[in-house]
Amino acid sequence: MKLKRLASAALILGTGYAASPVMADDLTLCWAAWDPANALVELSKDFEAQSGHNMSFEFVPWPNFADRMLNELNSGGKLCDLLIGDSQWIGGGAEAGHYVKLNDFFDSEKISMDDFAPATVYAYSTWPKGTPNYYALPAMGDANGWFYRKDWFEREDLKAEYKASTGNELGEPKSQKELMEVAKFFQEREIDGKKVYGASIFTERGSEGITMGATSALYPWGFKYENTPGKYDMEGAVNSPEAVEALEFYKGLYDCCTPPGYTDSYMGESLDAFKSGQVAMAMNWFAFFPGLYADPDTGGDKIDFFVNPPQNQAGSTLGGQGISVISYSENQEASLEYIKWFAQPDVQAKWWSMGGYSAHNSVLNDPGFKDSQPFAGDFLVAMDAVQDFWQEPAYAELLLAMQKRLHDYVVADKGTAKEALDALIEDWTEVFEDEGKL
Amino acid sequence: MSLDPVEQAARATPVTVAKKIRGLSDRAIAWIFVGPTILLLLAINIFPLIWTINLSFTNYKANRPNRPVEYVGLRNYERILNDSDIWLNMQATAHFLVWTIVFQVLIGFTLAWLINRKFKGNDLWTTIIVLPMMLSPAVVGNFWTFFYQPQIGLFNYVVSFFTGADPSSFEMLGSVDLAPWAIVIVDTWMWTPFVMLICLAGLRSIPNYIYEAAAIDRASKWRQFWTITIPMVLPFLMLAVLFRGIENFKMFDLVVQLTGGGPGSTTELASINLKREAFEKWRTGYSSAFAIILFVTVFGLASIYVKALNKVKER
Chain A
15 MKLKRLASAA LILGTGYAAS PVMADDLTLC WAAWDPANAL VELSKDFEAQ
65 SGHNMSFEFV PWPNFADRML NELNSGGKLC DLLIGDSQWI GGGAEAGHYV
115 KLNDFFDSEK ISMDDFAPAT VYAYSTWPKG TPNYYALPAM GDANGWFYRK
165 DWFEREDLKA EYKASTGNEL GEPKSQKELM EVAKFFQERE IDGKKVYGAS
215 IFTERGSEGI TMGATSALYP WGFKYENTPG KYDMEGAVNS PEAVEALEFY
265 KGLYDCCTPP GYTDSYMGES LDAFKSGQVA MAMNWFAFFP GLYADPDTGG
315 DKIDFFVNPP QNQAGSTLGG QGISVISYSE NQEASLEYIK WFAQPDVQAK
365 WWSMGGYSAH NSVLNDPGFK DSQPFAGDFL VAMDAVQDFW QEPAYAELLL
415 AMQKRLHDYV VADKGTAKEA LDALIEDWTE VFEDEGKL
Chain B
108 MSLDPVEQAA RATPVTVAKK IRGLSDRAIA WIFVGPTILL LLAINIFPLI
158 WTINLSFTNY KANRPNRPVE YVGLRNYERI LNDSDIWLNM QATAHFLVWT
208 IVFQVLIGFT LAWLINRKFK GNDLWTTIIV LPMMLSPAVV GNFWTFFYQP
258 QIGLFNYVVS FFTGADPSSF EMLGSVDLAP WAIVIVDTWM WTPFVMLICL
308 AGLRSIPNYI YEAAAIDRAS KWRQFWTITI PMVLPFLMLA VLFRGIENFK
358 MFDLVVQLTG GGPGSTTELA SINLKREAFE KWRTGYSSAF AIILFVTVFG
408 LASIYVKALN KVKER
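Read top to bottom, the protein sequences are chains A and B. All residue numbers for the first sequence refer to the numbering used here, where the first residue is 15 and numbers rise by one. All residue numbers for the second sequence refer to the numbering used here, where the first residue is 108 and numbers rise by one.
Just chain B, with the same shape it has in the complex (with noise of 0.2 Å):
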């Protein structure tokens, strides 16, 4: 006698399992599925939250664990939100992350429409235009320094091929006024082809028979560009925005690499700091909550944003 698929797996459960299992409810058994992976979200992600959060009313020194450990209150909340210094970093995360995305978005979605079209190497092409973001951020910043380098750089030299300016004229790490510019610039270049994926990806989810039936509407190119292609490439392009926001919220490796935060504390975007108060200064409960602030407002920021999302998604 021949036994179908779903009996022969119900008899190779052992018997005592099939059992216990037997008297368990569904959502019983999805919770036994899905414990394990909260037990875990909760070990290395909900723990070490609540963790900074208590640590971030202390005056705990990780490097000094004999010291007494005291409870501040909001000494550290207050401290750093009255510390010129942290807004002066906040200026230069804003400027960072509000200039990389324009660019990124700009030239990315102009790659992605560019690319789109059809023509010969079009694949060759696409490939060329994503190998920056292939590279490791650390090797990236470390070649471009040697490219921003004044008396060698090819970056001056170009910059001076176009101008007429002496190449060691300019030092875009080492002036004030450039290196924030400079940092945009090599962030634009590594991510820009990010952006022009999931924009590409956009474009080519439109349905041809749209513009056909626009162009039978006599609708203009210009025409079918504002009302069809940017509505509907909108809801990636916003997408793109969130993911390249939330990494130059967080930017730390590629600008430790080109500036080191400097020159003084130009380029000292709010991650650098965090990372110096609290692996290099070892002010734990104050880096704690430089934390959490960071936290709360990239948390908040994206909230809003997602919600905006979704509603462009609805339209």
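Next up, chain A with everything else stripped away, as it sits in the complex (with noise of 0.2 Å):
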């Protein structure tokens, strides 16, 4: 009698776990709070069904995204079982143990990292940079570009005065100087009844906005960290004459060609300033270009897309993430399944379909891939040069030092170009020196 409720008993643990393989865990991911995080929470939904997880997720408004998930991170906070976090935090994630090392995971799953676009694998996924050593799965390919006003660019009346006052065609600038005259041929236009502007660009003081606003000119000028990449050697990089003039001609910009009062803007008023009819063109992640396509009154056919201007070579500030699991977390096994579901190639094909920018080769290598959207075409241009800033642990205090020197000189007055980057080069030298890197 003992043995039969014995085996009986076995029977129906048994089937019972055959039938639900892993038991249901409440999973929580965290990201930044914009257009692609929804979208996220739809293709979610099918993971959701799939697995008998279930999906919460805690969105933080740009602003305040780091300042928010790095206290969270450094505090061993257990809000976040996935963090889909800014390319810059891996080095920190990495070497605080922050984010569950992925290798092991990678291979027993046969998760390869060369079936993802190599400038994301490099920028989202490894630390030290470069190195097999993965953190993160490649999730939101992003960098900054550009949008006009198609409707207004094909005007005749404009496209006649502007060759008539510039000797050039009006259309998609072709370098940052071309893209300076635009600017300068729309600025303070009346057009329809309305006083437009050349340009909106980022000069947001408090986060990263003025940092990766004025790298969109650094990079195209040639600007680099260091002379010799890992050896922390900075001077005649950092304030080389390419970028003293590339970071004047940010200056030129800001000065000449935005709105009045965008002394401290960034991703939320650049779109506002674009779908306000304010400005001619603006500066923004490639992230929201399907929402500015679809958006009704300054989308369809009045709005165009391009890569960041060239100017000495090709350059774009990356934008974009990875996601991680995070090592506080009490659902890592349910986290890492999650990781699984999102890397196979139908998933990220959808994910694209939804607005989310898949780094998958399978999505980017695709042959409709670029007709499949506008912008599809020039995020592939964008992803072949893009840069992106210090990953290093000691990220946001180069950020925020670079962050102050850039606002002081571009949107304060204060001083040149070169000496803020001079300024710049010792106020880094002082945190790699703390870093025991110097």
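Some hints could be false.
Cut-off 30 Å, straight-line C-alpha distance, at most; resulting in silico cross-link-like pairs (BS3-like, lysine-lysine) [as the list claims (entries may be wrong)]: (1) A:177 x A:191; (2) A:432 x B:328; (3) B:357 x A:428; (4) B:420 x B:328; (5) B:357 x A:451; (6) A:245 x A:143; (7) A:173 x A:289; (8) A:59 x A:164; (9) A:198 x A:92; (10) A:164 x A:451; (11) A:208 x A:177; (12) A:198 x A:432; (13) A:316 x A:364; (14) A:428 x A:143; (15) A:265 x B:382; (16) A:59 x A:265; (17) B:382 x A:428; (18) B:382 x A:92.
If you are wondering where the hints come from, they were derived from the structure by calculation, not from laboratory data.
With the hints as a guide, bring the two chains together.
Given below as structure tokens:
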């Protein structure tokens, strides 16, 4: 009798276990609050249906995202099981032990980093940079690009006037200097009875805005963080004549061609300026482009997109993020399950179709990709020439120093571009000395 | 037999407790009562202060708990005191502090003096005037950013109405010259009512018979104002200055909401920089030293001021 009971109990347990392979967990995914995050909520419903796990989301507005999430990580918080963190956090995340190293998991699940765009693997996943030590799966490719009022650019009267005043055709700028020329043409011009302005650019002081904006000029001029990668020898690289010229250009663009009061503007302000019909051109992350194209007032055939123009070379500021498993999470198994699911080519294809920027080669190399969206081809071009900020563990100190020096020079008219970059080298040297790297 | 209330209370005390307490001195009983409070103060005030002082001599970073902590002596203090940017922060703080106090005292006292005169709708006006200080600084900061917006801002349009200047020709928050005054204006708008209320309390504490006696002695209104009103309201005014001074020395939320410390670092007050160093750059040792310097400064200034205040009261 006893044996029978034991056997039936074992049968029940055995069948029960077989029916539901793992217990349902409540997973929380943390990210910034923006359009792609909403797409991910929709996409993740498939994961919930397949796995039985419940997904919750913690989305923080961009200006507070780094502050909020880095505090969470530094305090060993268990709010997030999965985090789509900024590319620059990878060094700190890896060295401080916030992120789970994914190499063994990738090996066991046959997830290959060769299946993802090399630039995104390098930027979003590896630490130390370029080594095969992976702390994230590329989740969202992104770069800083431009969009403009196509309907204004196509107006015959404006085209003729532009040609008469500059000798050039009005169209998508082919260089940074041409971009300024176009911006100057539109600055304070009256269109349809309304005064409009040249361009909306990033000038935000508090988080990362002006750095992301100014590097979009610095990189095309050939700006380098170090003379020799990994040596932290910044003198002559950070303050090179090209870097000085690029920074002077960015200040010139701010002075000549932005709407009044855009002294602290970032993503939201750029979108507002464009959608309200204030500016002819605006910079912003590719992540916003699907939403901009769908806008009923300024989207559709009124808008078009272009890659950050080259100057001495091609160069775009890298955005985008990888998805990591938080080491303090109590649901690491289920979190890894999510990553395994997300890495599948068909999920990646759906991710792109819903507005997320997949970094998976099967999506990017698809022959129909370039024509799938009006900005898809530009995205591929941009991702071929992206550069990122320092990804050091001391990234926050390095970034805030650059924010201060750039804002002091560009917006507050303090000193010269050379002085700003010299001061930046001093700040960064102090940080690297504290870190024991110099 | 009925017992008096004291006897009843004595009997209500449990015998064991009563026996224990009976052997204690008044001083010991007093310690029992204040002990928990002192322990709480030690835990939440004194211990963190001592810990901060300890951290200020190290290179500790709260976001890098695994990094070895080294004692660096006075290096953090030396760096701060030799940092020209920190001195610019202190200048910005001093500018904000001095001008907000000057405007708030002048306008607050004038309003109190006007409100103190009996007129119809007196209570209604008092309520309207004190409304700004009831709002959250974050809300005030937020809507003043709209007031100051060069293209749609009410403030720019009002200035334009009186001066004829184009509203979008000046940027209160974006201009290096105007931003320090923009934050002074908002703080003055918000906190003048507080100074007014304190002054009003002072004005209403002056007995009428003093003015009546002065009038009998044929003292003019002007003379009464300088020899009765001002001296008797002065302790109240000085108290208001102390409160506003301490508050504005550590001003953070309103200015962050308005300018974020910009343009550049023009309105980066000491507290804003301290927050950046401590919780954005995570330079815990360095920011501890900065916090101690600010603490000593405000404590020293407040102590000198309180002594002066006591002297005024004694007069």
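Tested hints:
{"no.": "1", "hint": "A:177 x A:191", "verdict": "holds (16 Å)"}
{"no.": "2", "hint": "A:432 x B:328", "verdict": "violated (63 Å)"}
{"no.": "3", "hint": "B:357 x A:428", "verdict": "holds (26 Å)"}
{"no.": "4", "hint": "B:420 x B:328", "verdict": "holds (24 Å)"}
{"no.": "5", "hint": "B:357 x A:451", "verdict": "violated (35 Å)"}
{"no.": "6", "hint": "A:245 x A:143", "verdict": "holds (13 Å)"}
{"no.": "7", "hint": "A:173 x A:289", "verdict": "holds (22 Å)"}
{"no.": "8", "hint": "A:59 x A:164", "verdict": "violated (37 Å)"}
{"no.": "9", "hint": "A:198 x A:92", "verdict": "violated (50 Å)"}
{"no.": "10", "hint": "A:164 x A:451", "verdict": "violated (49 Å)"}
{"no.": "11", "hint": "A:208 x A:177", "verdict": "holds (22 Å)"}
{"no.": "12", "hint": "A:198 x A:432", "verdict": "holds (25 Å)"}
{"no.": "13", "hint": "A:316 x A:364", "verdict": "holds (27 Å)"}
{"no.": "14", "hint": "A:428 x A:143", "verdict": "violated (35 Å)"}
{"no.": "15", "hint": "A:265 x B:382", "verdict": "holds (28 Å)"}
{"no.": "16", "hint": "A:59 x A:265", "verdict": "violated (45 Å)"}
{"no.": "17", "hint": "B:382 x A:428", "verdict": "holds (23 Å)"}
{"no.": "18", "hint": "B:382 x A:92", "verdict": "holds (24 Å)"}
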